[in-house]
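Below, each chain spelled out in residue letters.
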Amino acid sequence: MTPLRIALPKGRMMDEALRLFEAMGAVIDPAARDTRRLILPSADGRFEFLPVKSGDVPVYVEAGVADAGVAGMDVLEEAQPDVLRPLDLGFGGCVLAVAAPEGAAYPRLAGGGIPRVATKYVESARRFFGARGVQVELIRISGSVELAPLLGLSDWIVDLVQTGRTLAENGLVVVDEVSPSSARLIVNRASHKLRLEDHQRLIADLAAARERLGRS
Amino acid sequence: MPVSRIQQVPPGSLDLLAGDVRRRRSVQRAWFALAEAGGYQEVIPPTFEYEEVFTRSAGPELASRLIRFVDRDGALVALRADFTSSIARMVATRLAGAPLPLRLAYAGKVYRQEPEGVGRRREIFQLGAELIGDASAQADVEALRLVITLARELGIGEFQINLGDIRFIRPLLQGLAPEQAEALRTAIDRKDRAALAAGAREIGAPAAVARALVELPELIGRGDVLGRARSLATGAEAEAAIERLREVDALLTDDERRHVVYDLGEIRGLGYYTGIQFELFVAGVGRAVGYGGRYDGLLALYGADRPAVGFALETDALADLLAEVPA
Chain H
5 MTPLRIALPK
15 GRMMDEALRL
25 FEAMGAVIDP
35 AARDTRRLIL
45 PSADGRFEFL
55 PVKSGDVPVY
65 VEAGVADAGV
75 AGMDVLEEAQ
85 PDVLRPLDLG
95 FGGCVLAVAA
105 PEGAAYPRLA
115 GGGIPRVATK
125 YVESARRFFG
135 ARGVQVELIR
145 ISGSVELAPL
155 LGLSDWIVDL
165 VQTGRTLAEN
175 GLVVVDEVSP
185 SSARLIVNRA
195 SHKLRLEDHQ
205 RLIADLAAAR
215 ERLGRS
Chain A
397 MPVSRIQQVP
407 PGSLDLLAGD
417 VRRRRSVQRA
427 WFALAEAGGY
437 QEVIPPTFEY
447 EEVFTRSAGP
457 ELASRLIRFV
467 DRDGALVALR
477 ADFTSSIARM
487 VATRLAGAPL
497 PLRLAYAGKV
507 YRQEPEGVGR
517 RREIFQLGAE
527 LIGDASAQAD
537 VEALRLVITL
547 ARELGIGEFQ
557 INLGDIRFIR
567 PLLQGLAPEQ
577 AEALRTAIDR
587 KDRAALAAGA
597 REIGAPAAVA
607 RALVELPELI
617 GRGDVLGRAR
627 SLATGAEAEA
637 AIERLREVDA
647 LLTDDERRHV
657 VYDLGEIRGL
667 GYYTGIQFEL
677 FVAGVGRAVG
687 YGGRYDGLLA
697 LYGADRPAVG
707 FALETDALAD
717 LLAEVPA
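One line per chain: the protein sequences are H and A, in this order.
The numbers in the numbering used here rise by one with no breaks, and the one at position 129 of the first sequence is 133.
The numbers in the numbering used here rise by one with no breaks, and the one at position 231 of the second sequence is 627.
What the hints contain is simulated information worked out from the structure, not anything from laboratory work.
Among these hints, one or two may not hold up.
Stated by the list, open to error - Label pairs and their in silico Cβ distance ranges:
(1) Ala-603/A x Gly-218/H: 23 to 29 Å
(2) Gly-137/H x Asp-469/A: 45 to 51 Å
(3) Val-514/A x Ala-212/H: 48 to 54 Å
Claimed, not checked - 20 Å max Cα-Cα, derived EDC-like pairs, lysine to aspartate or glutamate:
(4) Lys-197/H x Asp-585/A
(5) Lys-124/H x Glu-512/A
(6) Lys-14/H x Glu-52/H
(7) Lys-197/H x Glu-181/H
(8) Lys-197/H x Glu-512/A
(9) Lys-197/H x Glu-554/A
(10) Lys-197/H x Asp-645/A
(11) Lys-197/H x Glu-611/A
Computed from a predicted model, the values in this text were never measured in an experiment.
Ideal Cβ placement from N, Cα and C applies to all residues, glycine included.
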């Protein structure tokens, strides 16, 4: 049996995803675990895990290089990949939010003018402010977004908020919510058609594992 | 001005060198030999058309991907984005008096905007056929049979046609506010059962409709799926869809049926499909390499109401699958 190749976002989300796979009996082959191999087979031969940067997961899945993957809603909303999204995996819960320095005016600047917004999620922010009729200038940056207002690069930011601690440390507060975000199973469209039974089993097993872990 | 522009082509376009061309020609030769044997005559629609030919026919998705420019008189014209729309216009006007059924075949490029950096071309070769003036299941099968026969003649080992009928889904979305219908379409398209269940609750769908919506992602498989779908059908239109698919199934040979998977939960097709619709998948390619279906309402848009069925296959993808470069 050819294993299903699953793209996983490196980092905390990958650990949580692997916990789900473990709960359904698919653990990474111990022989491969501590090597520098780029593709990690599961011991039961059912899967191959492909750890990649979170933003690249949809790219691999849409192209069909990976049969399925795990991606946050934030990444999916930003990239809008043409993939199936059959299952909410129930972890990685956070909110894509607008944050501003404490006491700052929102959604209009105190002195008028066009607000500048720094974010990694330019497309999501564009859609959000567009739908609200708020005109902003978007600045794409790729890390430490919460520094932008502090340094005067922007008035507000749009970023993922989990606990709000990083925001608070930088004197920022959430002023608006763009969309909730959690981890999703995404599936390549052609692979889903051509390996239907494998995918149906994967979806059912992950849903069952999610329920089991959710209860414990 | 970037000095190097004269040495480059714009993103999404490309030169085809001798080997690439031989592969494509070889696919096209096999196609026209097959088409002519079936009584199909080649037509060549213009490279650009008034944009309405595409915007009014195929739906907002294609309309948003047209490559347009302003003509001398200020009219907006678009590069050919879809052969079927052009040929429907051609048949409804130039061939309005022609005896039916009409069998037309084509091969050439279509042009569509694509985002940069995702590895998609803005000009691709397609080939395909349209059978106009025949509303029967036999006509549907004739279209499917051409696809299957061509795939076989090209030596493509593993391929699969996913076949559905839009009339099964359409009644489920009827009478909804546009945002509600759009949200459900998105959930159907993503095979997201949780979102379908939530959507059904939100619109206050009757139990039968809610059940059908939630089951849509699972209505995929061999012939037995038609039985399951029949028990979920909500009304005459959905029942007609299943009836037609059963007729098609009965007309296929065992050898052809091997390649057909019934897939009632697919709404990918262009906006003009009114009956059966299908996609062609090939092992090792991460997307559909062909699509087709019945479009009985399309020609009426151009002034001549005729039933029709047809398909387009991606010549480039088929050429890449050829085992060896033909001499």
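May I ask which of the numbered hints given earlier this structure violates, with the numbers listed in increasing order?
2, 3, 7 and 8
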